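Peer 1: Residue strings, one per chain:
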Amino acid sequence: MMWRRGRALDDLDEDIREHLARETEENIARGMSPQEADAAARRAFGSVTRTKEDTRAIWVPIWADQLLLDVRYALRLVRRSPGFASLVVATLAVGIGLTTAVFSVVNAVLLRPLAYGAPSRLVWIVTYDDRVPIKSIEVVSAPDFVAFHDHASTLERVVAFFIGMERVTAKDGVVATRVATVSSDFWDLAGATPVLGRLPTTNEDAIVLSHAYFERVFNGDSSVVGRMVTIDDRQVLLAGVLPRTFRPQLPAPVAVSLPPGEVEAYHATAIQPPSPTDRSIRLFYVIARTKPGVNIAQVRSELETLRADVLRAYPRLASAPRLRVTPFADVLVGHARRPLWAMLLVKSLWRITAYPAGFDPEHVLTLKVQMSGQAYRTPERKRAYLAEVLQQASAVPGVLATGVSSDADSRLFLVRQDGPPMPILDRPIVRLNVTSAGYAATVGMRIVEGRWMTDDEPSPVYVINEALARGE
Amino acid sequence: MSTEDRLELLQGTLDLLILRSLRRGPAHGHAIMQAIERRSGSVLRVEQGSLYPALHRLIKRGWITFEHGTSENNRRAKYYTLTAKGLKQLAVETSNWEKLATAIARVLRPA
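If you're matching them up, the sequences are chains A and B in order.
Sequential numbering of the first sequence, starting at 1, is according to the working numbering.
Sequential numbering of the second sequence, starting at 1, is according to the working numbering.
Keep in mind that the hints were calculated from the coordinates and are not lab data.
Watch out, some of these pointers could steer you wrong.
Keeping only pairs whose Cα atoms sit at most 30 Å apart, straight-line, the calculated DSSO-like set for lysine-lysine is [said to hold, decoys possible]:
id : chain 1 : residue 1 : chain 2 : residue 2
1  : A       : 52        : B       : 99
2  : B       : 85        : B       : 99
3  : B       : 60        : A       : 52
4  : B       : 88        : A       : 52
5  : B       : 99        : B       : 88
6  : A       : 368       : A       : 382
7  : A       : 171       : A       : 291
8  : B       : 60        : B       : 88
9  : B       : 60        : B       : 85
If you want the ones that stay clear, here's a sample from chain A, every Cβ over 12 Å from chain B, calculated [stated by the list, open to error]:
id : residue
10 : 48
11 : 57
12 : 131
13 : 236
14 : 251
15 : 311
16 : 329
17 : 400
18 : 444
Remember, predicted model here, so these are calculated numbers, not experimental data.
No residue lacks a Cβ here, since even glycine has one placed at the ideal position from N, Cα and C.
With these hints in hand, go ahead and build the complete structure from the sequences.
Peer 2: Quick look at the structure:
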């Protein structure tokens with residue numbers, strides 16, 4: 001009796017379960033005990049997880065390729081009219097059934113309209129060196145910036161900035177913070193109006209926080225505004241907090257490896273031209289707003305002239321010979337598109353949401369612990385600290401299980417005892433994750449055969465995954 | 001027959017064998033696997049896990065389709081069926097296979 005049609009993948013789990021059940025029944029009919037029969041059926045089938053993944057993978061490329069095409073098409077449109085393209089891609093992305101998670105990635109990376117006023121007049125200014133075979137970094141030196149800022153008549157506002165990670169000391173300890181160091185015109189160009197406190201005045205050594213960071217690190221406590229905070233061992237005034245809606249796009253530096261994320265604090269900096277004998281040099285990214293009615297060629301030509309003066313004033317400056325001025329919108333889109341990483345991210349996120357994990361990620365909270373310094377030098381001290389953390393965590397109401405694991409960064413060479421001797425380089429390598437007794441239960445890992453480890457095994461105990469058990 | 005005497009399927013032949021076994025009528029996954037093994041005199045061993053990706057590949061190409069039904073002992077099962085397009089493809093693949101088999105046999109034949 002036929003009774004329902006649906007999408008092919010809808011009942012893959014059930015299909016496989018049925019298959020295993022039939023095989024088990026036949027094994028029983030051949031005289032095996034139910035337990036033997038079940039184990040034999042599973043053995044004959046191989047990895048169920050792998051089968052599901054392979055089967056789902058059959059259907060993935062249609063969506064992924066489609067998405068890639070859509071994004072490529074959108075990128076062409078974004079350059080022509082950002083607003084319209086956002087709408088189109090939003091519709092397509094929703095239409096092809098992507099999850100919210102993926103969509104927000106695309107949205108953050110590609111589609112957010114420019115947050116600045118008069119976006120069509122924004123330009124990105126870089127200097128670079130085309131005499132070297134490798135691609136040089138594209139930045140602007142402090143003397144060039146000061147010349148552009150003070151003398152360019154084609155530019156209305158000129159902003160220098162740099163993004164890096166700095167250590168901010170808050171109540172609960174030291175927090176690695178994504179800080180944008182910005183020159184004085186930044187506030188006006190980005191349209192920043194604080195919801196708490198005020199903006200730094202010119203030449204004031206002060207920071208302004210993003211709203212999310214203020215809430216996360218300072219618990220939204222407005223009494224910190226106007227006080228001093230410690231950044232990288234320096235005392236700086238916490239001048240204000242920006243509104244939730246303030247999210248200017250600042251391209252992250254390519255040369256520095258930064259974790260992904262939004263800027264959490266803005267640090268005002270005064271940029272002075274160095275003394276002519278000073279050989280050290282500060283480098284920045286530069287965004288500028290042109291005066292109305294000025295075109296890029298005019299900006300370029302004026303800046304070239306100004307640079308010639310700089311070169312005369314700083315003959316010893318190792319200056320990049322070439323200058324490039326591009327519309328800022330192109331730079332943002334280019335950044336997102338260039339290495340296609342956004343796409344890869346989207347794909348892998350899609351995989352994460354589409355594929356079952358070997359554990360149950362629901363209701364699992366994670367916390368990363370890093371131990372350094374004198375207090376944790378010995379393994380005993382580290383162990384004692386972890387035991388304390390686990391004990392306190394399990395005492396929290398609502399916590400069902402706690403466990404700890406290493407970051408799976410160790411590797412082991414495998415040698416088969418019954419196999420022929422193998423040169424070390426040919427030996428298979430496996431990743432080793434050192435864990436506690438509670439770990440499997442905490443992350444909801446299923447034990448297919450055998451048992452998990454305890455916290456006091458007399459000799460080393462290993463648990464392997466199904467792929468390794470099959471000898472892959 | 002012991003496991004040692006069995007042969008793994010050649011890459012790509014599973015699709016052909018699935019199409020062929022479905023020519024006799026709709027069948028669920030386990031039955032398809034059994035049919036292939038039985039008809040080969042238990043010489044061919046279908047790696048059971050690889051059956052499902054293959055079935056879905058064939059669905060995607062439009063060569064087979066599927067329906068839900070209840071099986072002999074009143075259990076739910078997904079029945080795979082050959083489509084008209086699949087039947088045509090079966091003819092093509094069978095002919096290709098015969099050509100290939102003949103050619104290989106010719107190469108291997110003692111001169």
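Peer 1: Tell me the hint numbers this structure goes against, listed in increasing order.
Peer 2: 1, 7, 10 and 11
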